[in-house]
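Top to bottom, those sequences are chains A and B. Note that numbering that gives the first Met the number 0 has the first sequence beginning at 0, numbered continuously upward. Note that numbering that gives the first Met the number 0 has the second sequence beginning at 0, numbered continuously upward.
Take these hints with a grain of salt, some might be off.
One copy or any two copies: either way a pair holds, since identical chains are not told apart in the list.
[Unchecked claim] Restricting the straight-line Cα-Cα distance to at most 25 Å, the calculated cross-link-like pairs of lysine to aspartate or glutamate (DMTMM-like) are:
{"#": "1", "residue 1": "Lys87", "residue 2": "Asp63"}
{"#": "2", "residue 1": "Lys276", "residue 2": "Asp372"}
{"#": "3", "residue 1": "Lys276", "residue 2": "Glu107"}
{"#": "4", "residue 1": "Lys31", "residue 2": "Asp63"}
{"#": "5", "residue 1": "Lys340", "residue 2": "Glu399"}
{"#": "6", "residue 1": "Lys31", "residue 2": "Glu315"}
{"#": "7", "residue 1": "Lys340", "residue 2": "Glu402"}
{"#": "8", "residue 1": "Lys276", "residue 2": "Glu149"}
{"#": "9", "residue 1": "Lys52", "residue 2": "Asp42"}
{"#": "10", "residue 1": "Lys52", "residue 2": "Asp63"}
{"#": "11", "residue 1": "Lys309", "residue 2": "Asp63"}
{"#": "12", "residue 1": "Lys126", "residue 2": "Glu107"}
{"#": "13", "residue 1": "Lys126", "residue 2": "Glu89"}
{"#": "14", "residue 1": "Lys31", "residue 2": "Glu59"}
{"#": "15", "residue 1": "Lys126", "residue 2": "Glu334"}
Hints listed in this document are in silico derivations from the structure and should not be mistaken for laboratory results.
There are 2 protein chains.
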Amino acid sequence: MADYFSMDAQQRGEELERLRKLYRELAAEGLKLDMSRGKPAPDQLDLSMDMLKIMDYRGETGIDSRNYGSLEGMPEARRFFAGFLGAKAEEVIVGGNSSLNMMYYLIELGWRQGFADSAAAWNTYAKPKFLCPSPGYDRHFRVTEYFGFELLTVPMLPTGPDMDVVERLVCDEAVKGIWCVPLYSNPDGYSYSDETVRRLAAMETAAPDFKIMWDNAYGVHHLSDHPDRILNMLEECRAAGHEDRALMFCSLSKVTFPGASVAAMAASRRNIDYILKNMFPMIISYDKLNQVRHVRFLKDMDGLAAHMEKHRRILEPKFKAVLSLLEEGLSGCGEIARWTKPNGGYFLSVYTHEGCAKRTVQLCREAGVALTDAGAAYPYGVDPCDSNIRIAPTFPPLHELEEATRLLCVCVRIATLEKLLEKT
Amino acid sequence: MADYFSMDAQQRGEELERLRKLYRELAAEGLKLDMSRGKPAPDQLDLSMDMLKIMDYRGETGIDSRNYGSLEGMPEARRFFAGFLGAKAEEVIVGGNSSLNMMYYLIELGWRQGFADSAAAWNTYAKPKFLCPSPGYDRHFRVTEYFGFELLTVPMLPTGPDMDVVERLVCDEAVKGIWCVPLYSNPDGYSYSDETVRRLAAMETAAPDFKIMWDNAYGVHHLSDHPDRILNMLEECRAAGHEDRALMFCSLSKVTFPGASVAAMAASRRNIDYILKNMFPMIISYDKLNQVRHVRFLKDMDGLAAHMEKHRRILEPKFKAVLSLLEEGLSGCGEIARWTKPNGGYFLSVYTHEGCAKRTVQLCREAGVALTDAGAAYPYGVDPCDSNIRIAPTFPPLHELEEATRLLCVCVRIATLEKLLEKT
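When you get a sec, could you build the whole thing from the sequences and use the hints?
In C-alpha cells:
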C-alpha cells in the first residue's frame, strides 16, 4: 500500500473506492457500538460488590455515620483522601458522589464571592477568563463557560499545558485559573512533567487569587508497570509561596461505582476554612455512611493500589487492542494519523490529518459506531484543526472495541482521502 | 401554689428562693443532656439496617444504578417520590442525600439567573426579599440570608403563616418567595389549613416569578391516629393558574438515615425542564444506587407508612412524656407559658412569658441541658418577644428527656419570677 500523500488523484480515487466498499460491508453488519463514554465496564463495577456487604457504620472515633453532622467528612475518610491527594487530613474535605460537583461549587463560589485571597468576586469582571489546556475535559470547560468565563485555549503538550503560553496569559488580571488533569490527561493520557508543575506553582500571576483546578481524576488508574508520577501541586505551591493557589480534587468514581462513590478535595488550611464556612448554608453533611463503607473496603493506599490492579487487568487488554489495531489499520499509507499511548487513565487521542476529525466521526456514526463528537475536547466544542478524536476504550466489551476500532481506521482513511482529493 | 402574676414581691422572692435551691440540686447532678437537635435517635436508625442488605442495583428499566447517568433520577425513584409529593413522575427530580442542598441550589439559581418565568435574576435587586413564617426553620432562613435577601418575618399561626400579612407583603415586586414547612412545622408542629394553602396558591404577587419553597420535611412523620392533612400545593397552584409558583421538596432523612438518604423535589414540567438544563453543568448524576436501595426497601407509599409507624412507636412516648411533664411542671402558677401539641413532626414550641426565653435557655445550659438558642427560629436569630423555645424530643433517651424537661420547667419558672421581680 502506498503513501496517500504521494498518490496522484487517480490512485487516491481507486483507494477511496476500495475503502468505501469495505465501509459499506462493515456498515451492513448493523453495528451498534459505543466508544464515546468514559465509563467503567460492568465487570469493573463487579469488582466492588463486596463493598456493599459492609454493614459497619460506626466511625473510628465513634461518630454514627448514619446521622447528621461532620460536614467536613468522617475522620478516617479525610485521612484516606489525604493519602490519595498528598495532603494533611485537616486540608481535606470529603464530599458526596461527584468531584465535578465540588469543582462546580468552587467556580461558582469564586465567581459569586471570590476566595479568601481575592480582592473581589470574579464576576466583577464582565468576562473573567479561564485557561483550558486543550484537548481537555469538556465537562471542566463547560462549568466555566456556564458562568460566563471566556475560555482561553492553551495547547496541551506531552509534558502538560504549554507553559510559555500559560505564563504569558496569566499576566492578565482577568485570568482567574486553569483546569488541569495532571495525570493521564483526558483525552491524551499525558502527564504533567515536574517542570510544568513547578512552573505552574511558581509563576507570577496578575490575579492574586489565581486558582489551579487540579483534578487528579486518574491518580491511581495506572495501566503499566512503569506508571507516570507527578509532583504534589499543593506542596509545590506552598514551596513557591503560593499555597492558596492549588485546589486539588479526586474521586473514587472509577475505583468503585461512578454514580455512587465518594469525592474529595484538598487545599491549604486557609482555603479549607473559607470553603467550609461558605458550604455551611448549603448542606448539613454529605453521605458519611458511604464514606465509611469506602474506607472499610479500600482500607488505605496499599489496598487502593491492589484494587486498581484488578481494574488494570480488565482495562489493559482493551487499550492494547485499540493501540495494536490503530497500528495495523493506519500504517502503510503515510502519516495520516497519530495517536497517544497512555500509561493509564481512561482515554487516548487519535489525531487525524487536519480537517478530517468531524468527517471521521460522522462516517463512524453512520455505520453504527458512536464516538465523542469531534471538537468536544476543546473550548466551545471547536477544535481549530479539526483533528482530535477522543477514544474511550473502557466500556465496550473487547470484541466490540475491536470491531469499532477497525471501522474507525477505515473511516480515518476515507476522510483523509476525501480531504486530499478536495485539494487536488 | 399561687398564681405568679397575682403574687406580691415578697411571695415571688420566696418562691424564687425555693426554685433556686431546687435548681442547684438538679445542677449538682452534673447533667449533660441535649434537647437541641432534630436528629433521629439511634434506635430509629436501626429500623432501616435491613436496607443495607439490599444488593440489587439494577433498575426496573435495566439501568445499572452503579454507573454514570440519569441526572433526573432512577425511574422507580421518581415514581416513588411522585407518590410522596403528589406529583407526576416526570415532575420529579431525585437528588442526593440532602433536600436542603436542593433548596439552596434553587435559591442560588433564582438569585444568579432567575427562573423560566423571571423577568430578571433576583440579584438585579440590591436587596431581594424573602418571606419567613416565624418561628420557622433556621436553616431555611440562613440560605436566603447568605445570598443577601432581606428576611421579612411573617407571624406563624396554628393555620400557617398569617395570610393577611403575606398578601400585603407580596405586593412588593422585590419579594421573591416564601419558606414553608406545611405539615408539622418546625418548631411549632402546626399544619397549613386548606384556606392558607389556597390563598398562597391564588394570591396575586407583584413578582411574576414568586416561588413557594414547600418543604414537606415531615410529610409522613405522623404521631397520631388522626394525622394532619394538607392540600397539594402544586395542584392548587395549577388550579389557580400559577403552576410555576410551587417548588416542593421532601427527603427520606428522617425515614432511613439522616446523613445517607435520598431527597427529591417536584415542580411544574416547565420548572423541571429549566432546572435540569441548568443542573447539567453541575453534576453528572446523583447516587442512583442509594435511590434504588431506598425504593426496594420502602417499596411504595404503603410500605413507607408502615415503616413510619415504627418510628412513631419510638417517638410518640417521647412527645407524650415532654407534654405531660410540661403540664405538670408549669401549671398552678398562672399562665407563665404555653406550648404546642403537634400531631407529628420533630419539634414542639414552648412559649414563655415575654422576655424569658433567653434567660431560660441560659439557665438550662448552665445546669447541663442544651436547648436550641432562643431566637434561632426567627430571622437573623432574633425573637422580638424573646418567648419561643424550640424543643426537640427525638434524640435523647426517654429518661434523659424527662430529666431535661423537669429542669426546663424549673428554669421557666425562675426566669418568669426574675422578670416579674424586675418590674416591681
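Hint by hint, here is what the structure shows:
no., hint, result
1, Lys87 to Asp63, "within (23 Å within a copy, 35 Å between copies)"
2, Lys276 to Asp372, "between (40 Å within a copy, 20 Å between copies)"
3, Lys276 to Glu107, "both (15 Å within a copy, 17 Å between copies)"
4, Lys31 to Asp63, "between (47 Å within a copy, 19 Å between copies)"
5, Lys340 to Glu399, "within (20 Å within a copy, 65 Å between copies)"
6, Lys31 to Glu315, "within (23 Å within a copy, 58 Å between copies)"
7, Lys340 to Glu402, "within (20 Å within a copy, 69 Å between copies)"
8, Lys276 to Glu149, "between (29 Å within a copy, 21 Å between copies)"
9, Lys52 to Asp42, "both (18 Å within a copy, 21 Å between copies)"
10, Lys52 to Asp63, "both (18 Å within a copy, 18 Å between copies)"
11, Lys309 to Asp63, "between (31 Å within a copy, 20 Å between copies)"
12, Lys126 to Glu107, "both (14 Å within a copy, 20 Å between copies)"
13, Lys126 to Glu89, "neither (34 Å within a copy, 36 Å between copies)"
14, Lys31 to Glu59, "between (48 Å within a copy, 23 Å between copies)"
15, Lys126 to Glu334, "neither (41 Å within a copy, 62 Å between copies)"
Checked against the numbered hints above, the structure violates hints 13, 15; every other hint is satisfied.
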